[in-house]
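Colleague: Chains as they are written, first to last, in the UniProt record's numbering: chain A, 1 to 322; chain B, 1 to 365; chain C, 1 to 517.
Mixed in with the good hints, there may be bad ones.
Simulated pairs of lysine to aspartate or glutamate, DMTMM-like, Cα-Cα distance not exceeding 25 Å [unchecked claim]:
#, chain 1, residue 1, chain 2, residue 2
1, C, Lys-249, C, Glu-490
2, A, Lys-175, C, Asp-348
3, C, Lys-265, C, Glu-11
4, A, Lys-175, C, Glu-254
5, C, Lys-256, C, Glu-236
6, A, Lys-306, C, Glu-97
7, A, Lys-315, B, Glu-348
8, A, Lys-175, C, Asp-138
9, C, Lys-231, C, Glu-490
10, C, Lys-406, C, Glu-490
Per label pair, the in silico range of CB-to-CB distance [as the list claims (entries may be wrong)]:
#, chain 1, residue 1, chain 2, residue 2, range
11, A, Thr-122, B, Gly-140, 50 to 56 Å
12, B, Val-12, C, Gln-426, 32 to 38 Å
13, A, Thr-122, B, Asp-201, 57 to 63 Å
No wet-lab data here; the hints were simulated from the structure. Computed from a predicted model, the values in this text were never measured in an experiment. Here a beta-carbon is modelled for each residue, glycine too, at the ideal position from N, C-alpha and C.
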Amino acid sequence: MFETLILILDATLRVSTPLILAALAGLFSERSGIVDIGLEGKMLAGAFAAAAAAAVFGSAWIGLLFAIAASVSLALIHGFACITHRGDHIVSGVAINTIVAGLTVTLGLDWFDQGGQTPSLTGDARFTPITFPFADQLADVPVIGLIYSELLSGHNILVYLAFAMVPLTYWIVFKTRFGLRLRAVGENPHAVDTAGISVALVRYRAVIICGILCGLAGAYLSTAHNAGFLKDMSAGKGYMALAALIFGKWRPIPVLCACLLFGFLDALAVRLQGVSLPGIGEVPVQAIEVLPYVLTVLLLAGFIGKAVGPKAIGKPYVKERA
Amino acid sequence: MSQAKVPAWVSVGLIPLLNILLAFLVSGLVFLAIGEDPIEAAGYLVYGAFGYDEGIGYTLYYATNLIFTGLAVSVAFKAGLFNIGGEGQAYIGGLGVGLLCLWFDSSLPLLVIAPLAIIGGALFGAAWAYIPAYLQARRGSHIVITTIMFNFIASSLMVYLMVNWLKAEGVMSPISRTFEESAWLPYMHDIFAPFGFDIGDSPLNLAFVLALLCCVFYWALVWHTRWGYQLRTVGTNPTAAQYAGIDNAKVTIWVMLISGGLAGLVGVNEIMGVNHNLLLNFTAGYGFAGIAVALMGRNHPIGIVLAAMLFGALYQGGAELSFEIPTITPEIVVVIQGLVILFSGALENMFKGKIEGLFLRKAAA
Amino acid sequence: MTQQTHPYSIELEGISKRFGTVQANKNIDLQVPAGTIHGIIGENGAGKSTLMSIIYGFYEADSGSISIDGQQVSIRNSQDAINVGIGMVHQHFMLVENFSVLENVILGAEGGAVLKQGMDAAREELKRLEQEYSLDIDVDAIVEDLPVGLQQRVEILKALYRGAKILILDEPTGVLTPQEADHLFRILKSLKEQGVTVILITHKLREILASTDNVSVMRQGEMVAHRETSKTDKEELAELMVGKKVRLKVNKDEAKPEQTVLSAKDLSFFDGQGVERLKKVSLDLKAGEILGIAGVSGNGQSELLNVLSGITPMASGEIQFAGQTITANAPKNAAQMRDLKMAHVPEDRHKMGLVTGFEAYEAAVLGYHDSEAYNGSVLMKRSAMLEECNERMAAWDVRPPNPHLKTANFSGGNQQKIVIAREVEQNPNVLLIGQPTRGVDIGAIENIHEQIVKLRDAGKAILLVSVELDEIMALSDRIIVMFDGAVVGEVSANEADERTLGLMMANAWNEGQGAQA
């Protein structure tokens, strides 16, 4: 039982990683007032770019750079539409998701001729598990051994990076000058403007950070969690990250908890497939899969707490006063 | 004020056209990037979509779905709402159609089942839109987010129902039994055959006529009824709506019901017209494509029909294209679709200021 | 900070600003002696706020120059203004509500990439500033939890923390209680003692007289007078502010008021921020009379119109109308009020009265779109709407008389005629009419005024809200003055003169009566 739990938690960490990265990406963007439903697209683009570059150059790290470049370019397009041209944030996000869904497969087929996938990645082209010191030796120690060697050790660098990003994000958002301006611009851009700060500049920086984190999430999908790019491999994770962002009320630590919860549900659903629980019978996998979305809707509707987003979110900033 | 002096053909003609052209131009670059000649590709596309009877039939079949979802997105837009949940509403609408067909296909004739299924599909789709609408109107939760969530919930619900309840006996894949022929919407080629017209075998069926009727319904509702008057007022000037004593929340709810109902009719085309059984993933992104159709069609039924035909042609032509040039996938059509959303949606203001300024200066000079 | 080498801390020369066809500022000259409190007074739309926005870098002037301490400066944005030592307290606070006081103060002046250091330094500095000016604020409090008066002090702190030598306050007492206002003026006085130059924009004469050293009066975009406060009085200022306007002439006979048709008692209303915008307003409106509501805009007139017409629900009080008692618990919405034959020409036709994207014949039925006259069982009767629109356009001389033209494409006067025709032609018993001639050309003004009088003579009750004093005086049979959400006086039209009304509007009439600012 304990071992099963550890295995589920271990899987939770793996599944949560892209959610955490993408949700933090969304946090930066939305805290600045830019709605981002394009997390999905940026992540998918990152996954494709990482796998493609890793396949060509044989290095996961070069893949990572390309993932970030691809994702940041899309973030800049989003910024160009929403910040510079005051376009609709949602429409722009949908456009990015749609373009990426088509473009990754189109380019993939052209470049690798494998039906839109990238070649399987091996060796250095993937991020491989990092084994902690003495993990093997400690594996047999009761309780702690399992936790240390199974749960904590043996993940790839991006998993650890994702978790490290949470306190870092917290620090940036709440303890730095940039964070102060970021939060201010999402709440009351007029206050920022009258304080002599460029609203557009702060927002552009926010969407670029969003792009970088989505790139990391994408690279994780194709070069760490999997060994190559598959069509639509983000499979709604961007939207789930958005849900986690809302569920975590746009704050880093609660967002992390939401991601872990959603990841846990995912891992649990896999485990419970076809398993009959005593007294309950077989729990439909779909009922668990759907929980993140149902919970988020309930939260939005104010049935469980209240999700109040940044006040100026989704509204283009117009300097002229009436 | 400046709006007043810009000629109408500029703001409703020239600028949207420029945006579309730019979208196609960038699409051309994508073709060049994968080493294909965009002109040649366009040739295959056009031939595939319009070059022969069967191709035209396929184009119109795809267009049918896109008209439904385009109208669905558009009617919500008109009321200032963004219904991004067309996908889920279409899915659940299809469930409604399928259930009615499964229940009544052996007991009722087509003439009874067809209207029942149409109403059922619309009602199921509307019901799926009702919850996000209610939550937006009464509890202030953002409809964009809730409708996205409802897309995923719909998808899981369908998997559950298909796998656990509706799967036909003795098959591995999650599809229902095939309906009796009394629950099949007639194919167009079957309708035309007795008159001596051979229009080629294609999935085009009577649902296409239903889609056109929906355009008429949309046109009449939006511009010729008091309800349309209310929804346009709410969509363009909510303060004036309050002044006029229009209940914004109420309008939000019934507009979303109509929107969801229209999206639900995709099920009539797909389930009753083509597949003749319930299955998974038959909505295939039509809900999202509806956004592109509505944007490009400028929220007018004629524009929506034209845009739906264009995208229908791209879907069908894209299939032809990937057959002729195997290095191109049909997904390239999705890229074009996305670019249209980007340029005529998100970036619609890009040229606006400059061009309008140009005309204003000319008018002033 | 107090070292002054030049007698004028700020000097404006020939500032002009035009928005489209509106000349908001016309060749403005202004000299503010260093270390004084300088009042700028004027009616709405006199151009005060535009002028201050130019000084603070929100707008760039079309021409003219700004000098600070004798040095000509160029102010292109707020940062420039801050750099030359200008601080501004906006009418609507520029605060991030869920931030602490400290966070709000340092925003834009954080003093380093990491907050900690700057915050600590700021905390010290704020402590000093607070003591120096007795500001009395908990710097760790969250702004949205603070009362408005304290929020305003945060704005002042923000400016001082940036080393402002010139502090501009735009209508600072609009949202304050009398006690808070008193405290504010004490703070301003101590600022002055420390050598800060204060510019106070207001329409309240009493404040000007009580707290300033000099006062400048603006009227219709121009600076019309400069006075030493000790050498002027409220009568003179009121007259300068309102001006000797050409009396509008409206031909009308003595009113023959009949029974009361609408009676409001103790109406109260709070806005979204919880500020009381209507304070127990009571009034009676009789058939056959025009009741004018005078007042500087923003003193509750708009809220009164909205509450009476059912657009926004009242917080308390009651309205007796058409045999119905309307209260907070038994409200009627705008459509129901229309059914009881109340018509309403709103103050802002763009925001409320029209849907500018609609064609004229559609806009001409807004609010009455459910009526049987325009509807069949399902479809609207387009031809009936068009026909009626054509008739009205002819009767009201709307140009161009094209019912298919987009409403946005008519001139202001013609748009207004479309709205007024729509409301008047419904043959209402009560007409609420706000700013009937705002943005309307001279020719149309006369026509609109005639129609209003005609309606009165037909025995209808008319409630007229206008910030144009001459319009109120020309049309009304009875005049009520509103100030700060409350009715502060009533005069009959025969007794009313500009000076009295001007004083009432500035709440400086008859000491001891009405609400105190």
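Colleague: Would you mind marking each hint as holding or not holding in the structure?
Modeller: Results of checking the hints against the structure:
1. Lys-249(C) to Glu-490(C): Distance of about 22 Å is within 25 Å: holds.
2. Lys-175(A) to Asp-348(C): 45 Å, violated
3. Lys-265(C) to Glu-11(C): Violated - the C-alpha atoms of Glu-11(C) and Lys-265(C) are around 49 Å apart, more than 25 Å.
4. Lys-175(A) to Glu-254(C): Measuring from Cα to Cα gives roughly 71 Å; hence the hint is violated.
5. Lys-256(C) to Glu-236(C): Measuring from Cα to Cα gives roughly 36 Å; hence the hint is violated.
6. Lys-306(A) to Glu-97(C): 18 Å, holds
7. Lys-315(A) to Glu-348(B): 16 Å, holds
8. Lys-175(A) to Asp-138(C): At roughly 20 Å apart (the allowed maximum being 25 Å), Asp-138(C) and Lys-175(A) satisfy the hint.
9. Lys-231(C) to Glu-490(C): Cα-Cα ~30 Å, so violated.
10. Lys-406(C) to Glu-490(C): 42 Å, violated
11. Thr-122(A) to Gly-140(B): 50 to 56 Å: Check passed, 51 Å falls within 50 to 56 Å.
12. Val-12(B) to Gln-426(C): 32 to 38 Å: 33 Å, holds
13. Thr-122(A) to Asp-201(B): 57 to 63 Å: Since Thr-122(A) and Asp-201(B) have Cβ atoms about 47 Å apart, the given range 57 to 63 Å is violated.
Hints 2, 3, 4, 5, 9, 10 and 13, counting from the list given before, are not met by this structure.
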